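Under the numbering used here, think of the first position of the sequence shown as 1, with each following residue one higher.
Simulated from the structure, these hints should not be mistaken for lab results.
Remember, predicted model here, so these are calculated numbers, not experimental data.
Be aware that one or more of the hints could be misleading.
To be verified - In silico DMTMM-like pairs for lysine to aspartate or glutamate, Cα to Cα no more than 25 Å straight-line:
{"hint": "1", "residue 1": "K210", "residue 2": "D275"}
{"hint": "2", "residue 1": "K297", "residue 2": "E190"}
{"hint": "3", "residue 1": "K210", "residue 2": "D152"}
{"hint": "4", "residue 1": "K210", "residue 2": "D115"}
{"hint": "5", "residue 1": "K203", "residue 2": "D296"}
{"hint": "6", "residue 1": "K203", "residue 2": "E330"}
{"hint": "7", "residue 1": "K297", "residue 2": "D287"}
{"hint": "8", "residue 1": "K297", "residue 2": "D110"}
{"hint": "9", "residue 1": "K297", "residue 2": "D365"}
{"hint": "10", "residue 1": "K210", "residue 2": "D143"}
{"hint": "11", "residue 1": "K297", "residue 2": "D357"}
{"hint": "12", "residue 1": "K210", "residue 2": "E190"}
{"hint": "13", "residue 1": "K203", "residue 2": "E230"}
{"hint": "14", "residue 1": "K203", "residue 2": "D275"}
{"hint": "15", "residue 1": "K210", "residue 2": "E266"}
{"hint": "16", "residue 1": "K210", "residue 2": "E283"}
{"hint": "17", "residue 1": "K297", "residue 2": "D247"}
{"hint": "18", "residue 1": "K203", "residue 2": "D152"}
{"hint": "19", "residue 1": "K210", "residue 2": "E230"}
{"hint": "20", "residue 1": "K210", "residue 2": "D269"}
{"hint": "21", "residue 1": "K203", "residue 2": "D269"}
{"hint": "22", "residue 1": "K210", "residue 2": "D156"}
{"hint": "23", "residue 1": "K203", "residue 2": "D215"}
{"hint": "24", "residue 1": "K297", "residue 2": "D146"}
{"hint": "25", "residue 1": "K297", "residue 2": "E283"}
{"hint": "26", "residue 1": "K297", "residue 2": "D320"}
{"hint": "27", "residue 1": "K297", "residue 2": "E230"}
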Amino acid sequence: MRVRIYAAIDTVTIIDARPMLHRALLALALAVLMGGQFLLPRLPRPLDLPPPHTVITTNPLIGIHTRLTGIGDEGYIRRTLAQVHDMGASWIVELFPWAYIQPRSRYGFDWTGADMVIAHARAQGLQVVARLDIVPAWARPPDTTDRYLDRDHFADFANFAAAFAARYAPQGVRHLVIWNEPNLRFEWGERPPDPGAYTDLLKHVYPAIKATAPDAIVIAGALSPGPSLEGGALRMDDMQFLASLADAGAFPFFDMWAVHAYGGLEPPDATPAFDRVNFRRIELVRDLLDRLGGADKRIIITEGGYNDHPRWSGAVRPADRLRWTIATYEQSRRYPWLEATILWQFSTPFLTRSYPDAWNFVHPDGTPRTIYLAVQEYARYGVIPEVIDP
Numbered sequence: 001m002r003v004r005i006y007a008a009i010d011t012v013t014i015i016d017a018r019p020m021l022h023r024a025l026l027a028l029a030l031a032v033l034m035g036g037q038f039l040l041p042r043l044p045r046p047l048d049l050p051p052p053h054t055v056i057t058t059n060p061l062i063g064i065h066t067r068l069t070g071i072g073d074e075g076y077i078r079r080t081l082a083q084v085h086d087m088g089a090s091w092i093v094e095l096f097p098w099a100y101i102q103p104r105s106r107y108g109f110d111w112t113g114a115d116m117v118i119a120h121a122r123a124q125g126l127q128v129v130a131r132l133d134i135v136p137a138w139a140r141p142p143d144t145t146d147r148y149l150d151r152d153h154f155a156d157f158a159n160f161a162a163a164f165a166a167r168y169a170p171q172g173v174r175h176l177v178i179w180n181e182p183n184l185r186f187e188w189g190e191r192p193p194d195p196g197a198y199t200d201l202l203k204h205v206y207p208a209i210k211a212t213a214p215d216a217i218v219i220a221g222a223l224s225p226g227p228s229l230e231g232g233a234l235r236m237d238d239m240q241f242l243a244s245l246a247d248a249g250a251f252p253f254f255d256m257w258a259v260h261a262y263g264g265l266e267p268p269d270a271t272p273a274f275d276r277v278n279f280r281r282i283e284l285v286r287d288l289l290d291r292l293g294g295a296d297k298r299i300i301i302t303e304g305g306y307n308d309h310p311r312w313s314g315a316v317r318p319a320d321r322l323r324w325t326i327a328t329y330e331q332s333r334r335y336p337w338l339e340a341t342i343l344w345q346f347s348t349p350f351l352t353r354s355y356p357d358a359w360n361f362v363h364p365d366g367t368p369r370t371i372y373l374a375v376q377e378y379a380r381y382g383v384i385p386e387v388i389d390p
């Protein structure tokens, strides 16, 4: 017997799955790439460092304040620090803002910009004094300035300073300035100056730094010089602020005292007085430190110098600026308790087209001003260049 088998064939729609697979793989790759931007550590580019240099100078106290952090242009940073070296300066002060290194939260650090500046400074043989301040938005209330630091975040700032010291003290960056001009309303977050609060900040920061970098030098002060303004609400007298710190018990919590020793309208050998701002005001600070029990505290000048803008009331004649700047560096050698004289400022990458430009030693494009050439001559040969009045 024969059996016939009939097979019923259904209609089948065949779909090519390859485009769907490709889209899925592309979406997965995109998700991995985007996730990597947030989850993986940012890998810095290799730096274009010059061979190691040594500063040749007749006066090892010569220093200059730079303004490089946040620029991110390695070529500009390299050129600027090479010019500082060539001028004969051994020291720089550079601001390393907390807001740049921990911009989003207390968790994690972005060292890219700081690494670039410090690596190039070391390559030029420069000693870096690191100024630490500027508050990130996450560490202050809304509608406050980036100088506003309240007690609730003192520990966060201390942790940042300790991490900075742990990273860079082994690289030779041992001098750390804690805040800038805390006796000035603007620099204290648009609040009246508060020596007690600044003392409390030092009490948080000092042990945190020493626990991670015992050989670090914690520097306090860097006060705006001069008598009180608006009854102390705008500026508290720098001498009064220092005395108040002693009363509050601040002295065990810093190793060195910073001074802003601007010359004002007077030559650097002008007689000091409590109601005047001139270079030798530093001697009054030294005497007060000694009387308050800080005879063991060395002093470092982290700002100073002269401005030669033709239309600013606080400026001096260009010829006087040349003479008095070099005389400032030379007079500094008379003080055995002085660590360095670091004047304001080397250059900026932009022009304000106003009197702030007249602090600069170098134009934004790198062209040296006459003040740069005069200091370079002094640092190389130990002679004061002849200045002829116009």
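Checked hints:
{"no.": "1", "hint": "K210 - D275", "verdict": "37 Å, violated"}
{"no.": "2", "hint": "K297 - E190", "verdict": "30 Å, violated"}
{"no.": "3", "hint": "K210 - D152", "verdict": "21 Å, holds"}
{"no.": "4", "hint": "K210 - D115", "verdict": "21 Å, holds"}
{"no.": "5", "hint": "K203 - D296", "verdict": "19 Å, holds"}
{"no.": "6", "hint": "K203 - E330", "verdict": "36 Å, violated"}
{"no.": "7", "hint": "K297 - D287", "verdict": "11 Å, holds"}
{"no.": "8", "hint": "K297 - D110", "verdict": "33 Å, violated"}
{"no.": "9", "hint": "K297 - D365", "verdict": "39 Å, violated"}
{"no.": "10", "hint": "K210 - D143", "verdict": "34 Å, violated"}
{"no.": "11", "hint": "K297 - D357", "verdict": "34 Å, violated"}
{"no.": "12", "hint": "K210 - E190", "verdict": "30 Å, violated"}
{"no.": "13", "hint": "K203 - E230", "verdict": "29 Å, violated"}
{"no.": "14", "hint": "K203 - D275", "verdict": "31 Å, violated"}
{"no.": "15", "hint": "K210 - E266", "verdict": "40 Å, violated"}
{"no.": "16", "hint": "K210 - E283", "verdict": "29 Å, violated"}
{"no.": "17", "hint": "K297 - D247", "verdict": "16 Å, holds"}
{"no.": "18", "hint": "K203 - D152", "verdict": "14 Å, holds"}
{"no.": "19", "hint": "K210 - E230", "verdict": "37 Å, violated"}
{"no.": "20", "hint": "K210 - D269", "verdict": "38 Å, violated"}
{"no.": "21", "hint": "K203 - D269", "verdict": "36 Å, violated"}
{"no.": "22", "hint": "K210 - D156", "verdict": "16 Å, holds"}
{"no.": "23", "hint": "K203 - D215", "verdict": "17 Å, holds"}
{"no.": "24", "hint": "K297 - D146", "verdict": "30 Å, violated"}
{"no.": "25", "hint": "K297 - E283", "verdict": "14 Å, holds"}
{"no.": "26", "hint": "K297 - D320", "verdict": "32 Å, violated"}
{"no.": "27", "hint": "K297 - E230", "verdict": "30 Å, violated"}
The structure fails hints 1, 2, 6, 8, 9, 10, 11, 12, 13, 14, 15, 16, 19, 20, 21, 24, 26, 27 (numbered hints given earlier, in ascending order).
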